Amino acid sequence: MSRPLLLTCLALAGLVLASVSIGAASVSPWHLLSDPEGTKLLFLSRLPRTAAAMLSGASMAVAGVIMQLLVRNRFVEPSTTGTVEAAMLGLLAVTMLAPGVPILGKMGISAAAALLGMAGFLALIRRLPPEEPLMVPLVGIIYSGIIGAGTTFVAYQADLLQYLGTWMNGEFSGVLAGRYELLWLAGLVAGLAYLYADRFTIAGLGETASIGLGLNYAQTLWIGLVTVSVVTAMVVVTVGAVPFVGLVVPNIVARIMGDNLRASLPVMAGMGAGLVLASDVLGRILRFPYEIPAGTIFGAVGAAVFLWLLLGPKRRAR
Amino acid sequence: MITVRNLSHRIGSAEILHDLSLDFPKDGITAIIGPNGAGKSTLMGLMARLVPIQTGKVEIDGHCVAKTRTEALARRMAIVTQRVGVASRLRVGDLVGFGRWPHHHGRPRDEDHAAVERALAAFDLTELRDRFLDELSGGQNQRAFIAMGLAQETDWLLLDEPLNNLDMYHARALMARIHALSREGGRSVVMVVHDINYAAAWADHIVALENGRLAFEGAPREVLTAERLSRLFGMEIGVEEIGGRPTVLHHA
Ligand SMILES: Nc1ncnc2c1ncn2[C@@H]1O[C@H](COP(=O)(O)OP(=O)(O)OP(=O)(O)O)[C@@H](O)[C@H]1O
Ligand SMILES: [Mg+2]
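Line by line, the protein sequences give chains A and B. The numbering used here applies: residue 1 is where the first sequence begins, and numbers increase by one. The numbering used here applies: residue 1 is where the second sequence begins, and numbers increase by one.
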């Protein structure tokens, strides 16, 4: 096991302990295990909440790095390229037009919309000059702003704005057993991406290098895009998007470990899980007994890190 | 042998290659020469299926490039393009390792590791193997990508201006290395070179392109004459015999 992976696992273990012991009802760790009421609390609420935070963090980090390799730009992730907004638009459309559709169906439509949104983004940036890599995230932010504004307008007209709020801002206080299990599927999809780790790394070398090595570039691109959109849609549907996870985590890990996904993907997943869980734990402590959504905390810190990555010490974008 | 038949290529309304037909002989080094914009990289890209063929046909040892699966072609031919660029943040060792990917698709065996070691050693990269690509000089970066192509250990090696960015020492080391491969390893190399003297010293066969057409081809001693080169590049070029080889004096 590599050292970064070991450290990530250790940190995660500590965070999990903290997460199951902290909450509105103050129960000692001992009671969680010995007392029947405590056990119920543990399995109904604390563990699901912890798992939900970790699964969404891990899968969003994986989605982020896949997107960065396929787009060949370090500054993109689902929430800065219109993918999250498109997923919300799709979800809004089903909610309005066919509210009876079961959750998996909603997720599917949302994922399809996310895929379309990403395809639109790729078509847009194809026209950008390759020597201006910073244009890509800027165009992405404008593009997601446009889709987001359209979505907000539709939601406002249909009086569904409160839904948008929950989809946009990852929040784990409502997570209970039976209401978050879709996230395991997101985690599974992100885990399956590991089978394609080499292919994504090669795709990150560019289309010509990929063809030279005999990689089926188009297929790899599609598998990557489908992975990203499915993960995004599942996270948006169940707990709401946690912005910047997919950007901050891969950037930090790539600085230390590089872009060879076979080595770095587990660390990225672990760090994504850890940072989102840490935000959630912080959100529970900061204004105890009230809660601040994890998405708000990560969003604030993540935006600052994003700006620093963009404007800070000179770095290549690709 | 690579056979090119009636190959034409247009980009928009511009015709880049006009009905080109020629052969690249097996075993040995073929150097493609010609002025900027003659279509050398385009020809390479079409031969290596990096660009889809529009009209005409390319066969590599009897396998039609347009119809053979890309995975299978990657085990027959390796290409290093002119603009490798700094792509991602990979370690040199990992990059060269990906040259073996066509052979093992993710499960490297001993022979794959051995091939990587050979390629790293051949280009003085063993010490740099743990460095990231974006922390290398231009020439080191170029060498890493050539080493990746070499590690692929295919029958055909296509190199587009491999001497770019290389210092004298590494340029000659590269030529000596591929020359040895073509002699002992039975491998064939097609390379684009701008420095005619490298072509004269190491190549077995010369292909000269001009405006998307074949200007001339043949053995270096026969075709590298003052008259032909002057016409090809549109300037006075003197050619002297030094050490039994044609030597081009074009610097002044
Ligand atoms: N994407 C493109 N769009 C339009 N024209 C192009 C494009 N790519 C290449 N060309 C043109 O095709 C011609 C051949 O280009 P190519 O890159 O094959 O030349 P080359 O012989 O490799 O030149 P160099 O020695 O400079 O590498 C040039 O005139 C070039 O301007
Ligand atoms: Mg060229």
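Hints are computed from structural coordinates only; laboratory data are not their basis. Note that the structure is a prediction, hence the values are computed from the model and not measured. Incorrect hints may appear among the rest.
Said to hold, decoys possible - Covered by chain B, according to a simulated footprint, are these stretches of chain A (three or more residues, beta-carbon under 8 Å):
no.: 1; segment: 84-90
no.: 2; segment: 212-218
no.: 3; segment: 233-245
Stated by the list, open to error - Partner residues aside, some chain A positions facing chain B, computed with beta carbon under 7 Å:
no.: 4; residue: ALA177
no.: 5; residue: GLY204
no.: 6; residue: THR208
Stated by the list, open to error - Heads up, simulated DMTMM-like pairs for lysine to aspartate or glutamate below, C-alpha to C-alpha not over 25 Å straight-line:
no.: 7; chain 1: B; residue 1: LYS26; chain 2: B; residue 2: GLU59
no.: 8; chain 1: B; residue 1: LYS57; chain 2: A; residue 2: GLU207
no.: 9; chain 1: B; residue 1: LYS57; chain 2: B; residue 2: GLU71
no.: 10; chain 1: B; residue 1: LYS67; chain 2: A; residue 2: GLU181
no.: 11; chain 1: B; residue 1: LYS26; chain 2: B; residue 2: GLU217
no.: 12; chain 1: B; residue 1: LYS26; chain 2: B; residue 2: GLU222
Quick reminder that beta carbons are idealized off the backbone N, C-alpha and C, glycines included.
Here is what the structure says about each hint:
Requiring three or more residues with a Cβ within less than 8 Å of a Cβ of chain B, the coverage given for the segment 84-90 of chain A is violated, as only 0 such residues are present. With 5 residues bearing a CB less than 8 Å from a CB of chain B, the segment 212-218 of chain A meets the requirement of three and the coverage assertion stands. Coverage of the segment 233-245 of chain A by chain B is violated in this model, with 0 residues showing a Cβ closer than 8 Å to a Cβ of that chain against a need of three. Checking A:ALA177 against chain B: minimum C-beta separation of about 37 Å lies over 7 Å; hint violated.
Interface hint status for A:GLY204: upheld, as the beta-carbon distance to the closest one in chain B is roughly 4 Å, under 7 Å. Evaluation of the A:THR208 hint against chain B yields a held restraint, the C-beta minimum of about 5 Å falling below 7 Å. Pair hint B:LYS26 plus B:GLU59 holds up; C-alpha atoms about 12 Å apart against a cutoff of 25 Å. As the CA atoms of B:LYS57 and A:GLU207 are separated by approximately 22 Å, the hinted pair is consistent with the 25 Å bound.
With a C-alpha separation of about 19 Å, the suggested pairing of B:LYS57 with B:GLU71 holds against the 25 Å cut-off. The suggested pairing of B:LYS67 with A:GLU181 is violated, with an alpha-carbon distance near 46 Å, which exceeds 25 Å. Taking the CA atoms of B:LYS26 and B:GLU217, the gap is near 15 Å; set against the 25 Å cutoff, the hint holds. Among the hinted pairs, B:LYS26 with B:GLU222 is consistent with the structure: their alpha-carbon atoms are about 19 Å apart, no more than 25 Å.
Against the hints set out earlier in the document, violations occur for numbers 1, 3, 4, 10.
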